[in-house]
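Make a model of the complete structure from these sequences and hints.
Just so you know, we're using my numbering here: the sequence shown kicks off at 1 and counts up by one.
Relax, there's no trap hidden among the hints.
Label pairs and their calculated CB-CB ranges:
{"no.": "1", "residue 1": "Leu2", "residue 2": "Arg22", "range": "30 to 40 Å"}
{"no.": "2", "residue 1": "Thr49", "residue 2": "Asp6", "range": "12 to 22 Å"}
{"no.": "3", "residue 1": "Pro18", "residue 2": "Arg55", "range": "26 to 36 Å"}
{"no.": "4", "residue 1": "Asp62", "residue 2": "Gly30", "range": "16 to 26 Å"}
{"no.": "5", "residue 1": "Val8", "residue 2": "Ser53", "range": "14 to 24 Å"}
{"no.": "6", "residue 1": "Lys69", "residue 2": "Asp32", "range": "16 to 26 Å"}
{"no.": "7", "residue 1": "Arg55", "residue 2": "Leu2", "range": "12 to 22 Å"}
{"no.": "8", "residue 1": "Ser64", "residue 2": "Gly42", "range": "17 to 27 Å"}
{"no.": "9", "residue 1": "Glu36", "residue 2": "His9", "range": "14 to 24 Å"}
{"no.": "10", "residue 1": "Pro67", "residue 2": "Glu31", "range": "12 to 22 Å"}
By construction, these hints were calculated from the structure, which means they are not laboratory data. Ideal placement from N, C-alpha and C gives every residue a C-beta, glycine not left out.
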Amino acid sequence: MLQFPDEVHDVICCHQSPSDGRGSWVVRLGEDTLGERDSLAGAIDLTRTVAVSHRRPAWLLDESGYPLKPMLPWRL
Numbered sequence: 001m002l003q004f005p006d007e008v009h010d011v012i013c014c015h016q017s018p019s020d021g022r023g024s025w026v027v028r029l030g031e032d033t034l035g036e037r038d039s040l041a042g043a044i045d046l047t048r049t050v051a052v053s054h055r056r057p058a059w060l061l062d063e064s065g066y067p068l069k070p071m072l073p074w075r076l
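Written out as structure tokens, the structure reads:
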């Protein structure tokens with residue numbers, strides 16, 4: 001089944017452009033920011049936890065931009 005992102009309700013892990021030269025990864029659930037990590041690995045861990053606990057799909061918005069990429073289909 002093909003699923004489409006819902007940025008209002010789903011978990012989004014997105015790369016934040018570096019303002020200080022380092023960049024970071026932000027994890028959001030809808031409009032709420034739930035955390036920020038310096039590494040993609042750390043952001044993936046947080047994204048997985050949020051997606052499973054809220055029973056929502058997770059999507060990655062990396063440096064290449066849109067479209068959002070589906071993250072692993074963790075058991076919800």
